[in-house]
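A.B. asks: In case you want the letters, here they are:
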Amino acid sequence: EAQVTQNPRYLITVTGKKLTVTCSQNMNHEYMSWYRQDPGLGLRQIYYSMNVEVTDKGDVPEGYKVSRKEKRNFPLILESPSPNQTSLYFCASGKNQPQHFGDGTRLSIL
Amino acid sequence: AQSVAQPEDQVNVAEGNPLTVKCTYSVSGNPYLFWYVQYPNRGLQFLLKYITGDNLVKGSYGFEAEFNKSQTSFHLKKPSALVSDSALYFCAAATGGGNKLTFGTGTQLKVEL
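Taken in sequence, the protein lines are chains B and S.
Reminder that position 52 of the first sequence reads as 52 in this note's numbering, one-by-one numbering, no gaps.
Convert by adding 1000 to the 1-based position in the second sequence; the result is the number in this note's numbering.
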């Protein structure tokens, strides 16, 4: 079954404690991307990757890092999380654009 | 900068009636346009996209969208709504290779019996 898998699904943590949200896809897609969803703002793109070792900033990259060492994985790293990064996060993959989304990771930064 | 507007926060329609969810966009160059649907506690599901060609694009679950260049619109339509279509719908736009997407704020569709 075609899947984009995110972990964890839920996380409550504290300001400044580094965290990583993993994303893995099993469809051999070149394109992967991260979004955050906030009420009234829709989805905003954080980072995207067109292939291994190729990443680029979206509209709201501040405070986030990504890496693409393997085609299937695209982790999102928050080195020093802050409360304004409390949000619902989605990973997506596709041939050139997002077509398959994960079920989301709800992060709460206290 | 590119932008996408979904002017209606909510659309209500009776089951069996046609539905339209509106989207207008502002991008430089030729647009890549997308519609996605989100059910509660789930990720987005891709419905359809326009890159080039026929202005009427057919997608999943009986949905279609019409690209109108002069009005910079890409409205989502379905001839006969189902209660199960009730969900949150997002329009998105991009240029270039279509990989840097800008999403609208979403429209909640409610289909009632």
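The set of hints was computed from the structure by calculation and includes no laboratory data.
One should not assume that every hint holds.
Facing chain B, according to a computed beta carbon distance under 8 Å, are these residues of chain S, among others [to be verified]:
(1) P1007
(2) V1011
(3) P1040
(4) L1101
Under the rule of at most 30 Å between Cα atoms (straight-line distance), these lysine-lysine pairs were calculated in the DSBU-like manner [said to hold, decoys possible]:
(5) K95(B) / K69(B)
(6) K65(B) / K1022(S)
(7) K1110(S) / K57(B)
(8) K18(B) / K1049(S)
(9) K95(B) / K1069(S)
(10) K1069(S) / K1049(S)
(11) K65(B) / K1049(S)
(12) K65(B) / K1058(S)
(13) K95(B) / K1077(S)
(14) K1049(S) / K57(B)
(15) K1069(S) / K69(B)
(16) K71(B) / K1022(S)
(17) K18(B) / K65(B)
(18) K1100(S) / K71(B)
(19) K1049(S) / K1100(S)
(20) K1100(S) / K57(B)
(21) K18(B) / K57(B)
(22) K1100(S) / K95(B)
(23) K1100(S) / K1058(S)
(24) K1077(S) / K71(B)
(25) K17(B) / K57(B)
(26) K18(B) / K1100(S)
Far from chain S by the CB rule (all over 12 Å, computed), these chain B residues [said to hold, decoys possible]:
(27) G16
(28) M50
(29) V52
(30) K71
(31) H100
Quantities reported herein were computed from a predicted structural model and do not represent experimental measurements.
Note that beta-carbon positions come from the ideal geometry of N, C-alpha and C, so glycine has one too.
A.B. asks: Next pair to validate is K65(B) with K1049(S); report whether the Cα-Cα distance is within 30 Å.
C.D. replies: Measuring from Cα to Cα gives roughly 29 Å; hence the hint holds.
A.B. asks: Given the hinted pair K65(B) and K1058(S), is their Cα-Cα distance within 30 Å?
C.D. replies: 37 Å, violated
A.B. asks: Is K1069(S) close enough to K1049(S), meaning Cα to Cα at most 30 Å?
C.D. replies: 15 Å, holds
A.B. asks: Please confirm whether V52(B) is truly not at the interface, meaning its C-beta sits more than 12 Å away from all C-beta atoms of chain S.
C.D. replies: 15 Å, holds
A.B. asks: If we take the beta carbon of G16(B), is the closest beta carbon in chain S still more than 12 Å away?
C.D. replies: 29 Å, holds
A.B. asks: Is it true that the CA of K95(B) sits at most 30 Å from the CA of K69(B)?
C.D. replies: 18 Å, holds
A.B. asks: Does K95(B) pair with K1077(S) here, judged by a C-alpha cut-off of 30 Å?
C.D. replies: 25 Å, holds
A.B. asks: Hint V1011(S) vs chain B: min CB-CB distance below 8 Å?
C.D. replies: Status violated, d = 16 Å.
A.B. asks: Measure nothing beyond the straight line between the CA atoms of K17(B) and K57(B); if it is 30 Å or shorter, mark the hint as holding.
C.D. replies: Roughly 23 Å between the alpha carbons, so the hint for K17(B) and K57(B) holds.
A.B. asks: Would you mind confirming whether the straight-line C-alpha gap from K1110(S) to K57(B) stays at or under 30 Å?
C.D. replies: It is violated: about 35 Å lies between the C-alpha atoms, which goes past 30 Å.
A.B. asks: Is K1100(S) close enough to K57(B), meaning Cα to Cα at most 30 Å?
C.D. replies: 9 Å, holds
A.B. asks: Is K18(B) close enough to K1049(S), meaning Cα to Cα at most 30 Å?
C.D. replies: 37 Å, violated
Violated hints for the displayed structure, listed by number in ascending order: 1, 2, 3, 6, 7, 8, 12, 15, 16, 24, 28 and 31.
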